[in-house]
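Participant: Here's the letter readout for the chains.
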Amino acid sequence: MQSPLHTTPAAPSGAAGAAPPVVALRHLSKRFGGELALDDVALTIEHGQVHGLLGENGSGKSTLIKVLAGYHAPEPGAELEVNGTRVSLPLHANAFRRLGLAFVHQDLGLIGDLTVLENLRVGQLSESRSLHIRWSRERRLARETFERYGFDLDPSAIVNELPETDRALLAIVRAVEEMRATLADGERGLLVLDEPTVFLPREGVQRLFALVRDVVARDASVLFVSHDLDEVREITDHVTVLRDGRVHATIPTAQATEAQLVEMIIGRSLAAYEHVAPDRPAGATALTVRNLGGRTVDGVDFDAHAGEILGLTGIIGSGFDEVPYLLFGARPCRVGELRVGDRSHALPLMSPRDALKAKMALLPADRQVDGSVGSLSVSDNAMLQVLERYRPAALRLRRMRGDAAQLLDDFDVRPRDPDAEYASLSGGNQQKVLLAKWLQTKPQILLLHEPTQGVDIGAREQIFHLLREEAKRGTTIICASSDHEQLAAICDRVLVFGRGRIARELTGGEVTKARIAEQALNSSAGAASITTDAEV
Amino acid sequence: MNAKVAAQRYALVGAWIVVIVLFCILKPDTFATSANVQNILGSQAVLLVLTLGLILPLTSNDFDLSIASVLSLSAMVLALLNGEQGWPLLPAIIVALGCGLAVGMFNGACVVWLGLDSFIVTLGSGTFVAGVVTWISGSRTVTGMSPVLSDWIVNKRLLGVSLVFYYGLALVLILWYVLTYTAVGRRLLFVGRGRSVARLSGLRVGALRFSALAGSGLLAGLAGVLYAGTTGGADPSSGASFLLPAFAAAYLGATAVSPGRFNAWGAFIAVYFLVTGITGLQLLGVDSFVQQLFYGGALVLAVALSQLVRRRAAGREAVGA
Numbered sequence: 001m002q003s004p005l006h007t008t009p010a011a012p013s014g015a016a017g018a019a020p021p022v023v024a025l026r027h028l029s030k031r032f033g034g035e036l037a038l039d040d041v042a043l044t045i046e047h048g049q050v051h052g053l054l055g056e057n058g059s060g061k062s063t064l065i066k067v068l069a070g071y072h073a074p075e076p077g078a079e080l081e082v083n084g085t086r087v088s089l090p091l092h093a094n095a096f097r098r099l100g101l102a103f104v105h106q107d108l109g110l111i112g113d114l115t116v117l118e119n120l121r122v123g124q125l126s127e128s129r130s131l132h133i134r135w136s137r138e139r140r141l142a143r144e145t146f147e148r149y150g151f152d153l154d155p156s157a158i159v160n161e162l163p164e165t166d167r168a169l170l171a172i173v174r175a176v177e178e179m180r181a182t183l184a185d186g187e188r189g190l191l192v193l194d195e196p197t198v199f200l201p202r203e204g205v206q207r208l209f210a211l212v213r214d215v216v217a218r219d220a221s222v223l224f225v226s227h228d229l230d231e232v233r234e235i236t237d238h239v240t241v242l243r244d245g246r247v248h249a250t251i252p253t254a255q256a257t258e259a260q261l262v263e264m265i266i267g268r269s270l271a272a273y274e275h276v277a278p279d280r281p282a283g284a285t286a287l288t289v290r291n292l293g294g295r296t297v298d299g300v301d302f303d304a305h306a307g308e309i310l311g312l313t314g315i316i317g318s319g320f321d322e323v324p325y326l327l328f329g330a331r332p333c334r335v336g337e338l339r340v341g342d343r344s345h346a347l348p349l350m351s352p353r354d355a356l357k358a359k360m361a362l363l364p365a366d367r368q369v370d371g372s373v374g375s376l377s378v379s380d381n382a383m384l385q386v387l388e389r390y391r392p393a394a395l396r397l398r399r400m401r402g403d404a405a406q407l408l409d410d411f412d413v414r415p416r417d418p419d420a421e422y423a424s425l426s427g428g429n430q431q432k433v434l435l436a437k438w439l440q441t442k443p444q445i446l447l448l449h450e451p452t453q454g455v456d457i458g459a460r461e462q463i464f465h466l467l468r469e470e471a472k473r474g475t476t477i478i479c480a481s482s483d484h485e486q487l488a489a490i491c492d493r494v495l496v497f498g499r500g501r502i503a504r505e506l507t508g509g510e511v512t513k514a515r516i517a518e519q520a521l522n523s524s525a526g527a528a529s530i531t532t533d534a535e536v
Numbered sequence: 537m538n539a540k541v542a543a544q545r546y547a548l549v550g551a552w553i554v555v556i557v558l559f560c561i562l563k564p565d566t567f568a569t570s571a572n573v574q575n576i577l578g579s580q581a582v583l584l585v586l587t588l589g590l591i592l593p594l595t596s597n598d599f600d601l602s603i604a605s606v607l608s609l610s611a612m613v614l615a616l617l618n619g620e621q622g623w624p625l626l627p628a629i630i631v632a633l634g635c636g637l638a639v640g641m642f643n644g645a646c647v648v649w650l651g652l653d654s655f656i657v658t659l660g661s662g663t664f665v666a667g668v669v670t671w672i673s674g675s676r677t678v679t680g681m682s683p684v685l686s687d688w689i690v691n692k693r694l695l696g697v698s699l700v701f702y703y704g705l706a707l708v709l710i711l712w713y714v715l716t717y718t719a720v721g722r723r724l725l726f727v728g729r730g731r732s733v734a735r736l737s738g739l740r741v742g743a744l745r746f747s748a749l750a751g752s753g754l755l756a757g758l759a760g761v762l763y764a765g766t767t768g769g770a771d772p773s774s775g776a777s778f779l780l781p782a783f784a785a786a787y788l789g790a791t792a793v794s795p796g797r798f799n800a801w802g803a804f805i806a807v808y809f810l811v812t813g814i815t816g817l818q819l820l821g822v823d824s825f826v827q828q829l830f831y832g833g834a835l836v837l838a839v840a841l842s843q844l845v846r847r848r849a850a851g852r853e854a855v856g857a
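Those protein sequences? They're chains A and B, same order as listed. Counting in the numbering used here, the first sequence runs from 1 upward without gaps. Counting in the numbering used here, the second sequence runs from 537 upward without gaps.
In isolation and in its complexed conformation, chain A is listed as follows:
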């Protein structure tokens, strides 16, 4: 199945001439349960090119990469050629190394406590047969390697102390060096960069691109996975757009405008809004944020109103997901001021205790680590904030248990057993317990991060309903999420982040899934950039 937009890739450019594609995948399908995550996908990466891979979350990008890495076995019938040689699928783990493939993922896979040199050589050292390591020689070789790529990195530096950009460069150099070691003369490899730029400042992206061009000129083709259309347009020669597990189009990058790319990715004409958010009158200003700056955001100003549900979104690395934690004092904040009601707080000094006193509540995205203690009971988890009610003297445990049971009833948590272990509940019920925990404290500001992640459809609707009811009571809700459908369903207003700043504000009829998705993808273009390393 190929869309009308499909065109065959142009003849490879560069000196290689008629060399076969570095990687050619055909008829690639992958089924998870009943659903096809990949459906007859074809992907050809030519010699000496940077090939972009685009698509929304869930479009099949990561599944495709995991097939190449030997992590997933594809359905029978898939074909893979590497440098013109047929390779049988599925690949077993680590087979990609022999084939000359290398991967750098968003987390980079570096060991932060070790030195640059140790990280660079970890692969070789684990295979080396000689007992003695000559560190001075290794250091010299490492220096020479970095020089070849035109940058200067101290092999003895501890990786955690490097700026984000240098870490990304190190990860890429390591991957390319390991790949070169397995390739014969004249053979080309494939370097897969899976969202390597999301945490980089603008200037860092340029250095990374210089390295990528260098690698492409010498050793390998590159598969570049990113949400950032600016970057994709700048660095790639071709792009393949995945949508719902299928290849929607493969085109030379220069042939598409940014707007056309967006349309290909989200698959709707931009003018069509499918749903109009109710234009509720805004209440009084409940919260004011000025000049907020953290690890990824900088200079963010916004207001929120009583009874309003405000969405924050953007692509990964745009900074939207940091905001709830900064406002709550849960993560280190560089600069910023928060005004709630008539009290003003300097955010760098804010702590969760201060936030609670200001009648704020936070539902973090990571329920297991930040939200709950899975090994304790539902009642223990739900009642933590209100222990004071069952004093003085001995906690009236029976009354507490009774109240917890009532609470589970109100929030429709199943099973309705306050003694059940929290971890034994389903994702949706776990989230309802945490909503119950915080809503019984009657917060004026409710901060949410991905509130329906890992939550089933039914519970999702219930949570939406609970949030709308809570907003009607006058609570201000701020919801950071990359789930555009969810934002469209509950939000009165959405702020779209790009490169650490607010790039767009969507209100009223603009709050639709398509419009939010489009603006999130576009936002990186228009927003002012952060020029310094975000490493603080």
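These are computed hints drawn from the structure, not numbers from a lab. All C-beta atoms, glycine included, are put in the ideal place defined by N, C-alpha and C. Warning: the hint list may mix true and false statements.
Said to hold, decoys possible - For lysine to aspartate or glutamate, the following EDC-like pairs were computed, each having C-alpha atoms within a straight-line distance of at most 20 angstroms:
| # | chain 1 | residue 1 | chain 2 | residue 2 |
| --- | --- | --- | --- | --- |
| 1 | B | Lys540 | A | Asp370 |
| 2 | A | Lys66 | A | Glu35 |
| 3 | A | Lys442 | A | Asp342 |
| 4 | A | Lys357 | A | Glu337 |
| 5 | A | Lys513 | A | Asp214 |
| 6 | A | Lys472 | A | Glu461 |
| 7 | B | Lys540 | A | Glu421 |
| 8 | A | Lys357 | A | Glu388 |
| 9 | B | Lys540 | A | Asp417 |
As the list claims (entries may be wrong) - Pairwise CB distance ranges (calculated):
| # | chain 1 | residue 1 | chain 2 | residue 2 | range |
| --- | --- | --- | --- | --- | --- |
| 10 | B | Ala551 | A | Arg398 | 41 to 47 angstroms |
| 11 | B | Ser824 | A | Gly402 | 49 to 55 angstroms |
| 12 | B | Gly796 | A | Arg148 | 51 to 57 angstroms |
| 13 | B | Val714 | A | Gln206 | 57 to 63 angstroms |
Once you've looked at the hints, dock chain B against the given chain A.
Facilitator: Below, chain B alone, put in the same frame as chain A:
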């Protein structure tokens, strides 16, 4: 409560009863005597108090390896002040307890304010304190303490059992109450199980961890006072033999009564289960090395059991998801 949960809760009590019955049959004339029972109950109160103190930092997920040295320190300070310097008993006891509290507060400060690992800090401070004890005592056993202390700790008896046993029992009740029925106990549990949750829920994580370590120092000091009263003096190396039994009892106790939680009644049962087994074996004529086999084995077994329980719980979770 279903049968499975009940079985888990009281398995240790059952094992204790089995051990008692076994030795009563094997050694009816020496084991099954009231004198032996009184001896067992009275002799282990020091270990019980030490274990109860240890439960506090373990609940907040910190180690305290300095408790045994603190016990020696407190006993030695009391013996020196009262036995050699001729201080009255009460101020000497207060100073001894103060020494324990001070070491606990030092541990807490290092762990909370300097962000150091409790395992390493208390290993270091424990060794340091052991050195101090050897230094102030001149490596000798100090005696000559007021008999009033021994009277109120071992010689006076209720139902034939030394008073020290009832002091330990009272402390079990207090700790049980604090950990189960107070908001502070609940919060301590959350601090131990989920630091991040506790912090985001606005708990004073630092203050709670500090208090737990200070508390274990104070109770180790109390154990030292009871030890001095039991033996009528202090020797510089006496405390060391208590460290492993206290950990064994705390971990074994965490598999009973409230399985998965360090708890006071569990510690009580574990302490007496272990000493019953050891006393019985010694009466059978087994050498004294059995004590080390028993405590060491119990610690590993207890940790393995609690791991097993946790893995089973995790398995359930995976199925439910």
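Participant: Confirm or reject each hint.
Facilitator: Evaluated hints:
1. Under the criterion of a C-alpha separation no larger than 20 angstroms, the hint pairing Lys540(B) with Asp370(A) is inconsistent with the structure, at around 31 angstroms.
2. A threshold of 20 angstroms between alpha carbons decides the hint, and for Lys66(A) with Glu35(A) the separation of about 17 angstroms falls inside it, so the pair holds.
3. About 18 angstroms separates the Cα atoms of Lys442(A) and Asp342(A), which keeps this hinted pair within 20 angstroms; it holds.
4. Taking the CA atoms of Lys357(A) and Glu337(A), the gap is about 16 angstroms. The hint holds against a cut of 20 angstroms.
5. A distance of roughly 39 angstroms separates the Cα atoms of Lys513(A) and Asp214(A); the hinted pair therefore is violated under the 20 angstroms criterion.
6. A hinted pair counts as satisfied when its Cα atoms are at most 20 angstroms apart, and Lys472(A) with Glu461(A) qualifies at roughly 17 angstroms.
7. The suggested pairing of Lys540(B) with Glu421(A) holds, with an alpha-carbon distance near 15 angstroms, which does not exceed 20 angstroms.
8. With a C-alpha separation of about 14 angstroms, the suggested pairing of Lys357(A) with Glu388(A) holds against the 20 angstroms cut-off.
9. A distance of roughly 18 angstroms separates the Cα atoms of Lys540(B) and Asp417(A); the hinted pair therefore holds under the 20 angstroms criterion.
10. With their beta carbons about 31 angstroms apart, Ala551(B) and Arg398(A) fall outside the hinted range of 41 to 47 angstroms.
11. Hint check: Ser824(B) to Gly402(A), Cβ distance near 53 angstroms, so the stated range 49 to 55 angstroms holds.
12. For Gly796(B) paired with Arg148(A), a C-beta distance near 56 angstroms keeps the hint of 51 to 57 angstroms intact.
13. A beta carbon spacing of about 60 angstroms between Val714(B) and Gln206(A) agrees with the range 57 to 63 angstroms that was offered as a hint.
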